[in-house]
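Enquirer: Each chain, written out:
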Amino acid sequence: MAAIVYILCALTSLACAVMLWRGFAQSRARFLMWSSLCFAGLAVNNVLLFADKVVFPETTDVLGISFPIWRSVAALIGLALLIYGLIWDAE
Amino acid sequence: MDDPGISPEVRALIVDRIDSVVQLELLLLLQASAGRAWTAAEVAQQLRIDPSWAAGQLAELVSRGLASPAGDAPDAVRYAPTPPALDATVVQLARDYAERRVTVITMIFSKPVDKLRTFADAFRFRKDRP
Amino acid sequence: MQTTLYTFMLGGLVMGCFVAGLFFLRFWRKTRDRLFAIFAIAFWLLGVNWLALAFTQQDEVKTIYYAVRLLAFVLILYAIIDKNRASRRSAM
Numbered sequence: 001m002a003a004i005v006y007i008l009c010a011l012t013s014l015a016c017a018v019m020l021w022r023g024f025a026q027s028r029a030r031f032l033m034w035s036s037l038c039f040a041g042l043a044v045n046n047v048l049l050f051a052d053k054v055v056f057p058e059t060t061d062v063l064g065i066s067f068p069i070w071r072s073v074a075a076l077i078g079l080a081l082l083i084y085g086l087i088w089d090a091e
Numbered sequence: 001m002d003d004p005g006i007s008p009e010v011r012a013l014i015v016d017r018i019d020s021v022v023q024l025e026l027l028l029l030l031q032a033s034a035g036r037a038w039t040a041a042e043v044a045q046q047l048r049i050d051p052s053w054a055a056g057q058l059a060e061l062v063s064r065g066l067a068s069p070a071g072d073a074p075d076a077v078r079y080a081p082t083p084p085a086l087d088a089t090v091v092q093l094a095r096d097y098a099e100r101r102v103t104v105i106t107m108i109f110s111k112p113v114d115k116l117r118t119f120a121d122a123f124r125f126r127k128d129r130p
Numbered sequence: 001m002q003t004t005l006y007t008f009m010l011g012g013l014v015m016g017c018f019v020a021g022l023f024f025l026r027f028w029r030k031t032r033d034r035l036f037a038i039f040a041i042a043f044w045l046l047g048v049n050w051l052a053l054a055f056t057q058q059d060e061v062k063t064i065y066y067a068v069r070l071l072a073f074v075l076i077l078y079a080i081i082d083k084n085r086a087s088r089r090s091a092m
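These protein sequence lines map, in sequence, to chains A, B and C. Residues in the first sequence are numbered from 1 upward in steps of one, following my numbering. Residues in the second sequence are numbered from 1 upward in steps of one, following my numbering. Residues in the third sequence are numbered from 1 upward in steps of one, following my numbering.
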């Protein structure tokens with residue numbers, strides 16, 4: 001059940017990222033680029049969650065850093081980029 | 001951007017669906033020959049622009065609900081405003097363009113890019129707006 | 001140490017979601033476009049999800065946590081569908 005949820009979340013994030021990137025390609029509005037990257041980061045977060053819980057349930061570390069930290073880093077980078085875009089490029 | 005001589009409907013049409021003078025001329029060309037299907041090559045010859053660019057601009061008009069594919073030839077389109085009542089506004093726009101060319105052109109170029117609108121529109125699958 | 005670091009990152013995520021949601025809320029007030037209101041709620045829900053994780057240090061696979069995440073993304077999906085249906089009817 002959790003696996004389905006994570007896949008759905010990952011796909012939704014990916015879809016948003018793609019739509020926003022296409023919008024950016026068409027309009028060159030940088031705010032769309034930052035938002036797209038944010039959703040890409042969230043997609044990675046969800047994919048890693050899926051990988052962590054479903055694909056590699058036994059593994060706890062990758063390169064000495066725990067899975068939860070990798071997941072959070074991806075989402076944090078995405079959010080940071082979004083906030084940057086919200087402040088500087090959104091209006 | 002405000003001009004008392006241009007009606008709000010025409011201004012809305014420009015703001016919502018026309019991004020360049022080429023698009024405007026294309027639209028007026030299609031409208032003036034109402035019903036006739038144009039291919040990119042014919043349009044390119046008529047307006048003296050690059051054919052591949054013309055094809056892209058025609059596709060853009062279709063996606064904005066101002067033209068529709070004609071079926072006669074693969075890339076032929078004909079004038080088809082959505083909603084049909086928009087035709088009256090296009091006629092008005094043609095008149096305005098003939099009488100106040102500079103004003104209309106200025107309106108096209110002084111459109112600020114509405115980033116929030118662009119963000120929301122990125123989630124539309126088809127871009128023809130009502 | 002890694003637990004502390006993880007909790008710290010969760011804090012950053014919560015704050016980021018809170019701020020992003022606030023921006024989207026402001027955009028909604030400015031444009032009256034439902035999409036922004038829905039995005040605001042979605043980001044706040046994600047923030048709540050990470051906030052709960054920080055406080056309880058539980059496994060994310062436990063029911064309530066991924067339900068909140070699911071709700072957030074379902075809302076985003078709804079916003080997209082709504083945006084494409086509304087284009088049939090009136091403005092927005």
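No wet-lab data here; the hints were simulated from the structure. Heads up, the beta-carbon is just placed ideally off N, CA and C, and yes, glycines get one too. One or more of the hints may lead you astray.
Said to hold, decoys possible - Derived DEER-like restraints, expressed as beta-carbon distance ranges:
hint: 1; chain 1: C; residue 1: Gln57; chain 2: B; residue 2: Ser63; range: 46 to 54 Å
hint: 2; chain 1: B; residue 1: Phe109; chain 2: C; residue 2: Ile64; range: 20 to 28 Å
hint: 3; chain 1: A; residue 1: Arg22; chain 2: B; residue 2: Pro8; range: 26 to 34 Å
hint: 4; chain 1: B; residue 1: Pro74; chain 2: A; residue 2: Glu58; range: 55 to 63 Å
hint: 5; chain 1: B; residue 1: Glu25; chain 2: C; residue 2: Ile64; range: 58 to 66 Å
hint: 6; chain 1: A; residue 1: Val54; chain 2: B; residue 2: Thr106; range: 52 to 60 Å
hint: 7; chain 1: C; residue 1: Tyr78; chain 2: B; residue 2: Ile49; range: 17 to 25 Å
hint: 8; chain 1: C; residue 1: Asn84; chain 2: B; residue 2: Lys111; range: 19 to 27 Å
hint: 9; chain 1: C; residue 1: Ala54; chain 2: B; residue 2: Pro74; range: 24 to 32 Å
hint: 10; chain 1: B; residue 1: Gln46; chain 2: A; residue 2: Ala25; range: 52 to 60 Å
hint: 11; chain 1: B; residue 1: Glu25; chain 2: C; residue 2: Phe8; range: 37 to 45 Å
hint: 12; chain 1: C; residue 1: Phe55; chain 2: A; residue 2: Asp61; range: 36 to 44 Å
Enquirer: Each hint should be assessed against the structure and marked as holding or not.
Expert: Right, here's what the structure says about each hint:
The hinted window of 46 to 54 Å between Gln57 (chain C) and Ser63 (chain B) holds, with their beta carbons roughly 50 Å apart. Take Phe109 (chain B) and Ile64 (chain C): their Cβ atoms lie about 54 Å apart, and the range 20 to 28 Å is violated. For Arg22 (chain A) and Pro8 (chain B), the hinted distance range of 26 to 34 Å is satisfied, since their beta carbons lie about 31 Å from each other. Between Pro74 (chain B) and Glu58 (chain A), the C-beta spacing of about 56 Å keeps the proposed range 55 to 63 Å intact.
The hint said 58 to 66 Å for the Cβ distance between Glu25 (chain B) and Ile64 (chain C), and at roughly 59 Å that hint holds. Distance hint for Val54 (chain A) and Thr106 (chain B): a CB-CB separation of about 58 Å, consistent with the stated range 52 to 60 Å. With their beta carbons about 42 Å apart, Tyr78 (chain C) and Ile49 (chain B) fall outside the hinted range of 17 to 25 Å. Restraint check, Asn84 (chain C) to Lys111 (chain B): a C-beta distance of roughly 24 Å satisfies the suggested window 19 to 27 Å.
Between Ala54 (chain C) and Pro74 (chain B) the Cβ separation comes to about 58 Å, which falls outside the hinted range of 24 to 32 Å. For Gln46 (chain B) and Ala25 (chain A), the Cβ-Cβ distance of about 29 Å falls outside the hinted range of 52 to 60 Å, so the restraint is violated. Our hint of 37 to 45 Å for Glu25 (chain B) and Phe8 (chain C) is violated, since their Cβ atoms are close to 59 Å apart. Here the CB-CB span from Phe55 (chain C) to Asp61 (chain A) is close to 24 Å, at odds with the stated 36 to 44 Å.
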